[in-house]
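Visitor: Sequential numbering of the sequence shown, starting at 1, is according to my numbering.
A hint or two may mislead.
[Unchecked claim] Here are the computed lysine to aspartate or glutamate pairs in the DMTMM-like style, where the Cα-Cα straight-line distance is at most 25 Å:
1) K21 with E72
2) K21 with D44
3) K18 with E72
4) K46 with E72
5) K21 with E69
6) K57 with E69
7) K27 with D56
Worth flagging that the hints you see were computed from the coordinates, not collected in a lab.
Values in this document were obtained by computation on a predicted structure and should not be read as measured data.
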Amino acid sequence: MKNLYWKDDVYRMPPTTKLAKARIKAKVAQNTAWYKLGLSGLADLKRLEHGLDNPDKEILMKMAELYGERYENLVE
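My request is simple: use the sequences and hints to build the entire structure.
Guide: As C-alpha cells, then:
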C-alpha cells in the first residue's frame, strides 16, 4: 500500500475556502481556472483553494473577475 503524505489527503478532501466555493458557484473547472488566472499549474490553484498558500491581491482580483464575484467576498 502506498504511503500518503498529509498534503495528498488534503487534496482529496473537497475544498472549503471562499475561493473554491466561488469557483464552483461560477461553474469554472479547475483546469480552466488555473490557466486563465496565469498560475503555473493546477497544483498552485489547489494550494490556494485548500488554504495552503495565500493569494496576493492581483490573483484575488483576477479570481473575482473570472468568477463574477466581488473582491471583498473572496478575502478571508
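Visitor: State for each hint whether it applies.
Guide: Results of checking the hints against the structure:
Of the supplied pair hints, the one linking K21 and E72 holds, its CA atoms being roughly 14 Å apart against a limit of 25 Å. Taking the CA atoms of K21 and D44, the gap is near 16 Å; set against the 25 Å cutoff, the hint holds. Restraint check for K18 and E72: the C-alpha separation of about 11 Å stays at or below 25 Å, so the hint holds. A hinted pair counts as satisfied when its Cα atoms are at most 25 Å apart, and K46 with E72 qualifies at roughly 21 Å.
Of the supplied pair hints, the one linking K21 and E69 holds, its CA atoms being roughly 11 Å apart against a limit of 25 Å. At roughly 14 Å between alpha-carbon atoms, K57 and E69 fall within 25 Å of each other, so this suggested pair holds. Between the alpha carbons of K27 and D56 the distance comes to roughly 23 Å, so the proposed pair stays at or under 25 Å and holds.
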